[in-house]
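Chains as they are written, first to last, in the working numbering: chain A, 1 to 482; chain B, 1 to 220.
These aren't lab readings, by the way, just hints derived from the structure by calculation. Where a beta carbon is used, it is the ideal one built from N, C-alpha and C, also for glycine. Be aware that one or more of the hints could be misleading.
To be verified - Below 30 Å or equal to it, Euclidean Cα-Cα: the simulated DSSO-like pairs (lysine-lysine) are:
1. A/Lys299 <-> A/Lys355
2. B/Lys35 <-> A/Lys355
3. B/Lys35 <-> B/Lys216
4. A/Lys299 <-> A/Lys429
5. B/Lys35 <-> A/Lys299
6. B/Lys150 <-> B/Lys216
7. A/Lys429 <-> B/Lys216
8. A/Lys355 <-> A/Lys23
9. A/Lys355 <-> A/Lys429
Said to hold, decoys possible - Here chain B is said to cover these stretches of chain A; the calculated rule only asks that three of the stretch's residues, wherever they fall, bring their Cβ under 8 Å from a Cβ of chain B:
10. 152-158
11. 185-196
12. 200-213
Stated by the list, open to error - Coverage of chain B stretches by chain A, computed from C-beta distances (three or more under 8 Å per stretch; other residues unrestricted):
13. 108-119
14. 138-148
15. 169-175
16. 183-191
17. 196-210
Here is what each chain is made of, one letter per residue.
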Amino acid sequence: MEIALVLGFPLLGGLLLALFGHKRWAPELNALMSLTTLVAAAALTRRVITGGPMTALDEQFFVDPFNVFLVALTAFVGFTTALFSRPYMRIEEHHGRLNAARLRLYHSMYQLFSFTMQLCLLSNNIGILWVSLEGATLATVLLVSLYRTPASLEAAWKYFILCSVGIAQALFGIILLYFAAEKVIGPGGTSLLWTHLYAVRDQLEPTVLSLAFVFLLVGFGTKVGLVPLHNWLPDAHAEGPTPVSAVLSGLLLNVALYAVVRSKVLVDGALGRNFSGGLMMGFGLLSVVVAAFFLSRQKDIKRMFAYSSIEHMGIVTFAFGMGGPVAAFAGLLHMTVHSLTKSAIFFTVGHATQKTGTQNMADIRGLIEQSPAIGWGLALGSLAILGMPPFGVFTSEFLVLTTAMHEHPWATPFLLVALGVAFAAILGKVQPMVFGETNLRRLPHAPALVPVFVHLAIVLMLGVYIPPYLVEWYRQAAAFIG
Amino acid sequence: MDQSLSSQFVNLLAALLLLLAFAMLAQRRVLTLIKLFAWQGAALTASTLIMAYATGQGHLYYSATLTLLLKVILIPWILHRLIDQLQIRWDIETLINIPVTMLVGIGLAIFAFALATPISEMAGSLTRATLGIAMASVLLSFLMMIVRRKAVPQVIGFLAMENSLFFAATSATYGMPLVVELGVALDVLVGTFIFGIFFFHIRDEFESLDIRHMEKLKED
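Just chain A, with the same shape it has in the complex (with noise of 0.2 Å):
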């Protein structure tokens, strides 16, 4: 029931804004209905929570501790992007940049994007979630390039292209997998079920599925972000507005990864050998260093806040790659912390590029004289993205770096470096837009900030104390996982 209410709302938000979305209170309306989707994936949780693990309608759906904590992520930054929206696109509105139509498709496919997210967090078929991710790219490609302009059309172009290559590997992947199960389950419907699959793991064709993960991880890491298919991500996340880098960067990375780590538990099963572990901390490795090295290079502040995002998708993914409990236990919290603070910047750079009319980093300056609000918003955000104590992006942080002392030496100099050159980086250039002398003019609305502190207050909170039944719930996501 909550399942249905969870994927229903968002539909029908979207089929309602397809109609209504140009009108005055369409962004109220979108506000609205993400509330609606959050309410009830709070209920989805609690009900999970309480009674454990549930498949629904002939077990095509499947909800367990793993994924029902980013059915309630989804749902929670979905909302405040959305509460963080209606103003933004009202300035963007009167700065001349959109008109009704396209803002009507603008909330039309927010609310579909919501929709398609939480269908691949939620299926328990590993067909749909595959067709859900790819729902997602098409969701979001015509959002890409919503301004119209040659830099953005050039992006979305090559996000598409891209991101529907990288998943047409990933669908190999599947038939791969598909092949070795229906020896073992039999030819079906049910021999793509992942609850089916776990149960057989262990007989599954350990070659076939070696194979097929190399695909599954190409093709999904292609969303992720992961170094070296990573070129889509900093031109996506530049050019299209900013409520969709946040979404973008603080969601569909998320979910892109459960669909990969869903499949490393899997393939781990059948191999019984560290084979994806290893291949998930190489990638992760290589995409930690090179976003620190790119960081540096960048102008635009969005893109740095991109690159930000591939080194964070990196750490997640060495830290689910090493696995055992602590380092899946912090790649849980890194993908809470990181989502939240990632989309809470995200906010902040939206509204200060409204109030400078350029993102280019060296023309933004002294935030803090002309918006303190703002102004400690990108400066509270970005400490805290750069995992300084006591936010909660320096715990998972802490936590991945000792796992990997512990059990992998040689990674933890790479990881060291990557993060001292990417604290740099970011300080360094953040440090100017926030202070120095500026003279900028007021917003015609005025800019959303509730969200920004909400989200960098959750992470500081996450930072100091775990209250203990996120605590229980990580826990038992993290054993999933192991």
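Keeping the supplied structure of chain A fixed, place chain B upon it in accordance with the hints.
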């Protein structure tokens, strides 16, 4: 029709599919490219039908019908209309170095066969060599997307890759569950529409469908 005969037929069609993939790689004319794509869809439909008949898997008939409607009729029709409206019907693309591309393609095909051999030996279905062929055509379509500089041929390359994946699914595993195939078909259809919308946006902005104009976003 006994097993060995149908198996030979499927192998023949698989060979045809590979041949078409090579032909698309070397084809300069956009219009002919769409025709080749439709023929690829037709070969896919025929092989799915034979598989359905030989194995008695009922849902493969639906799958074949879906392929026929979508990939032989609807998508080529959409593409025809698009190139008419964009007035690129008689466009000829200058491809550099077709021989080298073909040689790389042959290399890819050999690589795909080598990769598929251990898996093909486990295939219980009546078609063993076909998984290698399917993988080879996936890689060839991939290559086509890399070497093409214009938007429409790139998209046809993507659709051809999708065809090859469907062929892999039917030949290796008697086809994916119907709900998945329907979902994939829906994605492909929506994707084609979005590509269509994109062509117009790109042409309006850049006054050309040559994606060489779209190389502004680079790292300095």
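Comparing the hints with the structure gives:
{"no.": "1", "hint": "A/Lys299 <-> A/Lys355", "result": "18 Å, holds"}
{"no.": "2", "hint": "B/Lys35 <-> A/Lys355", "result": "52 Å, violated"}
{"no.": "3", "hint": "B/Lys35 <-> B/Lys216", "result": "33 Å, violated"}
{"no.": "4", "hint": "A/Lys299 <-> A/Lys429", "result": "9 Å, holds"}
{"no.": "5", "hint": "B/Lys35 <-> A/Lys299", "result": "46 Å, violated"}
{"no.": "6", "hint": "B/Lys150 <-> B/Lys216", "result": "16 Å, holds"}
{"no.": "7", "hint": "A/Lys429 <-> B/Lys216", "result": "23 Å, holds"}
{"no.": "8", "hint": "A/Lys355 <-> A/Lys23", "result": "25 Å, holds"}
{"no.": "9", "hint": "A/Lys355 <-> A/Lys429", "result": "18 Å, holds"}
{"no.": "10", "hint": "152-158", "result": "holds (count 6)"}
{"no.": "11", "hint": "185-196", "result": "holds (count 5)"}
{"no.": "12", "hint": "200-213", "result": "holds (count 4)"}
{"no.": "13", "hint": "108-119", "result": "holds (count 3)"}
{"no.": "14", "hint": "138-148", "result": "holds (count 3)"}
{"no.": "15", "hint": "169-175", "result": "holds (count 4)"}
{"no.": "16", "hint": "183-191", "result": "holds (count 6)"}
{"no.": "17", "hint": "196-210", "result": "holds (count 6)"}
Of the numbered hints stated above, those contradicted by the structure are hints 2, 3, 5, listed in ascending order.
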